[in-house]
Amino acid sequence: MDILIIEPDKVLSDIYLKTLKCEGYNARIARSAQSALDAADHIKPDLVILELQLVEHSGIEFLYEFRSYAEWSNVPILIYTSVPPTEFSDSWQILKNEIKISKYLCKTDTDLKRLLGEIKGLIGRPSEKAHR
Amino acid sequence: MGRLRQEKETAILSQQLLVNIAEELKMPLIRIARANELSMINDDTSGQQVIKASTESALKLIDNYILGIRLALEDKTFNIESVSVSSVLYDAAVDLSSLAKLYNVDLELNIAGKFGPVIANRQALHAALVSLGTSLIEAIPAHDKVQTKLQLATHRSRYGVVAGMYAETKQLSSTSLQMGRRLYKSSRQPLVNVSYGSGAGVFVADSILHSIGLKLIASRHHNLYGIGAVLHPLNQMQLV
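Respectively, the protein sequence lines represent chains A and B.
Using the numbering used here, the letters of the first sequence map in sequence onto residues 1 to 132.
Using the numbering used here, the letters of the second sequence map in sequence onto residues 133 to 372.
What the hints contain is simulated information worked out from the structure, not anything from laboratory work.
Check before you lean on any hint, since a few could be wrong.
[As the list claims (entries may be wrong)] Only pairs whose alpha carbons sit at most 25 Å apart, straight line, appear in this in silico BS3-like list of lysine-lysine: (1) Lys233(B) to Lys18(A); (2) Lys347(B) to Lys113(A); (3) Lys158(B) to Lys317(B); (4) Lys302(B) to Lys10(A).
These numbers were taken from a predicted model, which means no experiment stands behind them.
With the hints as constraints, model all of the structure from the sequences given.
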């Protein structure tokens, strides 16, 4: 199972990578919206984990671009960000129905254990074969 | 004088700058929390380095902000002195080294040019450079460059001697800096082309320098782009 992590902070992205690999997932890091689109082209992700605050193009811009491709229209997207969800209270329906966000988690109150739980809930556990 | 003092206070005492700092402080705290969890999951000892460097960077941001407040509020005039730019840059590089190592950024010190002493407040100039450097070290790897180098350098410009931080990142431009200054009171990510965070370190540096009568500008050095403090040479000392 391939996960694309879009996280601009090098230290945090390394931590996520190690955590996911430890659980048997294949994970790839992208630090910007453009490199995330390139990476998605290569790995065909089963799940995208996205920080909304990126350099230059924002995570929201990435979402619209990503969803505009038919092949990625149903890939689950988990937002894991330092932006509190209250900032999207006006546009929550758009995020959920139009861009089809699977889950919105805030970094300040979501630890790695819960993040892993949410990932397993969305795409399941990696197979034993992949785990080995 | 009264207006100058008011301007100083407005910059550093702005509530929005405090909000930006609070936002910026979330980052090291989140790193510390996640590194701690990871070390519990798989006995990862690299988490200790994350915790140490992140704690140091958070404390420095707080210290530098407090220094900026003091410079703006204290009634007595700040001490201006003869300062060796090279030694301030060297000390800043030492202070930034553990964070740079954590972010895999190569710090280079380029103090080859012959620059005499400048008029400044050493503590404030050092704090401003460390504050600026911290922000840039965290931001530069997010630009997806193969090489992540940050050069601490001095050079002459039409404004005077500039001491600052330079990288291959084109986005370190006066447009970005000016836009950031305009947006920091209203945006969560005012330096959107440079940093994924609030860029508080850059604005703290800006405020500190402003408090001691200096200016932060974007400038180019060789083929690099950067941000630095414009300093005024101490001409009397150069005659000695």
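Right, here's what the structure says about each hint:
Only pairs whose Cα atoms come within 25 Å are accepted, and lysine 233(B) paired with lysine 18(A) is accepted, the gap being roughly 18 Å. Between the alpha carbons of lysine 347(B) and lysine 113(A) the distance comes to roughly 46 Å, so the proposed pair goes past 25 Å and is violated. Between the alpha carbons of lysine 158(B) and lysine 317(B) the distance comes to roughly 18 Å, so the proposed pair stays at or under 25 Å and holds. For a cut-off of 25 Å, the pair hint linking lysine 302(B) to lysine 10(A) stands: about 20 Å separates their Cα positions.
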